[in-house]
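Engineer: Turn these sequences into a full structure, and let the hints guide you.
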Amino acid sequence: MLKREIKLTEDGSHTIFIPELNEHYHSTHGAIQEAIHVYINAGLRFSDKNPIRILEIGFGTGLNAYLSLVEAETHKRLIEYHSIERYPVEEDQLKVLNYPQQIDFKNTDLFNKLHQVKWNQTYQISDYFNLKKIEGDLKKITLEDKYDLIYFDAFAPDIQPELWHENIFKKIYNCSNTDASLVTYCSKGIVKRALRASGFEVKRLAGPPGKHHILRASKIEGFNFEDESQ
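Residue numbers (the working numbering): 237 to 466.
Quick caveat, the hints were computed from the structure, so don't treat them as lab data.
Under the rule of at most 25 Å between Cα atoms (straight-line distance), these lysine-lysine pairs were calculated in the BS3-like manner:
1. K439 x K285
2. K407 x K375
3. K285 x K382
4. K368 x K285
5. K407 x K424
6. K406 x K368
7. K376 x K407
8. K342 x K331
9. K243 x K349
10. K382 x K354
11. K439 x K428
12. K407 x K382
13. K447 x K424
14. K331 x K349
15. K428 x K447
16. K406 x K424
17. K331 x K354
18. K349 x K312
19. K331 x K368
20. K375 x K239
21. K375 x K428
22. K243 x K447
23. K368 x K407
24. K331 x K243
Keep in mind it's a predicted model, so treat the numbers as computed, not measured.
Structural biologist: Dropping the structure here:
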């Protein structure tokens, strides 16, 4: 088990740091600020689908899920949210995270509820937000549902290169609905190339503070993969 430390980012919100990997779960310039910019503004608010089904790669601290729940309740938008996580954060660290105090939303108990529900089962967290947390390895999981929006929030390619491979993005392509979008904080060339080879049209967007660019990729319907054996 890798050691995890709670750190404060520049916008006053917490993130988790793994010393052994020298990796933070979020931008040190602001965890909430980054999550809103990448996943809410460029992803959830970009789509007009209601209801909408979201697949998240990397549940982590639950920040993206909580922000999406706040959007769902605020705008009365029904969200079915599935999130995959291979290494769940320990309960004692989750209790320390200050997101409910940093995000303007009256029902702060719902953040705890996201973490208290069991893995691999679907729960109605609130009137407009259903959650299924999936504990496991994305490479081995069979994705049986279809999704409108993907939050791709895995560790960086130099930490988890196997999750940024064409095989993974093709898997996501195949479980994406028509007009589905994928958003991610990582805009590296290898990621853009892998997405394009996997049937996505890639657009580079302005990033949050501390990051030049992020990516939004849109599914190209009927895309013919050059080499299905990859």
